[in-house]
Amino acid sequence: MMYGYEKILETMLGAGALAMITAFIAMFIIVALAVYIYTAWAWMTIGNKLKYKDSWLAWIPIANIAMILQLGGFHWAWVFLILVPIVGWIALLVLCIVATWHIYEKRKYPGWLSLIILLSFVPMMVWIAGIANLVILGIVAWKDK
Numbered sequence: 001m002m003y004g005y006e007k008i009l010e011t012m013l014g015a016g017a018l019a020m021i022t023a024f025i026a027m028f029i030i031v032a033l034a035v036y037i038y039t040a041w042a043w044m045t046i047g048n049k050l051k052y053k054d055s056w057l058a059w060i061p062i063a064n065i066a067m068i069l070q071l072g073g074f075h076w077a078w079v080f081l082i083l084v085p086i087v088g089w090i091a092l093l094v095l096c097i098v099a100t101w102h103i104y105e106k107r108k109y110p111g112w113l114s115l116i117i118l119l120s121f122v123p124m125m126v127w128i129a130g131i132a133n134l135v136i137l138g139i140v141a142w143k144d145k
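Residue numbering for the sequence shown follows the numbering used here, starting at 1 and increasing by one per position.
It should be emphasised that the hints constitute simulated quantities derived from the structure, not laboratory data. Hints should not be assumed to be uniformly reliable.
To be verified - Keeping only pairs whose Cα atoms sit at most 25 Å apart, straight-line, the calculated PhoX-like set for lysine-lysine is: (1) K143 to K106; (2) K145 to K49; (3) K53 to K145; (4) K7 to K108; (5) K53 to K108; (6) K145 to K51; (7) K106 to K49; (8) K106 to K51; (9) K108 to K51.
Just so we're clear, the structure is a prediction, and the values are computed from it rather than from any experiment.
Taking the hints into account, I'd like the entire structure generated from these sequences.
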């Protein structure tokens, strides 16, 4: 049977763990939202610089993939590969990398920079690849060469 101080201690530990989990989830949401805003703004800027008439599509999930495909010279309908599990996702990833390669070259940057995202498939390189991809996207968007 638990006595007063043991029950209080158990309640405090449970509340502390819950607060920590809540803070972690809140921080994750804030970081994810910041990354989404940054990438959407960068792709919209790239679209504007490449004279894409609907660059506002960068803010709409899935439509932004269609925009990237169009900027890279592909038809927007390839975005429907997202509906085909695994094989379609892999094909869409390859198309997006090739489209990004073409976009980077249109902005006068080396196309191979689009391959950096492939490092995210190496287990210990996920964070480095993600940050590098964001930095490269920002440079391509806002630095004129």
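- Message: Checking one constraint from the list: CA of K7 to CA of K108, max 25 Å. Satisfied?
- Response: Roughly 66 Å separates the two Cα atoms, so the pair is violated.
- Message: Checking one constraint from the list: CA of K145 to CA of K51, max 25 Å. Satisfied?
- Response: Cα-Cα ~16 Å, so holds.
- Query: Are the Cα atoms of K143 and K106 separated by 25 Å or less?
  - Reply: holds (13 Å)
- Message: Would the hint linking K108 and K51 be met if the CA-CA limit is 25 Å?
- Response: Status holds; Cα separation ~15 Å.
- Query: Between K53 and K145, is the straight-line Cα distance small enough, at 25 Å or below?
  - Reply: The given pair, whose Cα atoms are some 22 Å apart, holds under the 25 Å limit.
- Task: Take a quick look at whether K106 and K51 sit within 25 Å of each other, Cα to Cα.
- Result: holds (11 Å)
- Query: Taken at face value, is the distance from the CA of K49 to the CA of K106 at most 25 Å?
  - Reply: The hint holds at about 10 Å.
- 25 Å limit on alpha-carbon distance, applied to hinted pair K145 and K49: holds (12 Å)
- Given the hint that K53 pairs with K108, test it: the Cα-Cα distance must not exceed 25 Å. holds (20 Å)
Checked against the numbered hints above, the structure violates only hint 4.
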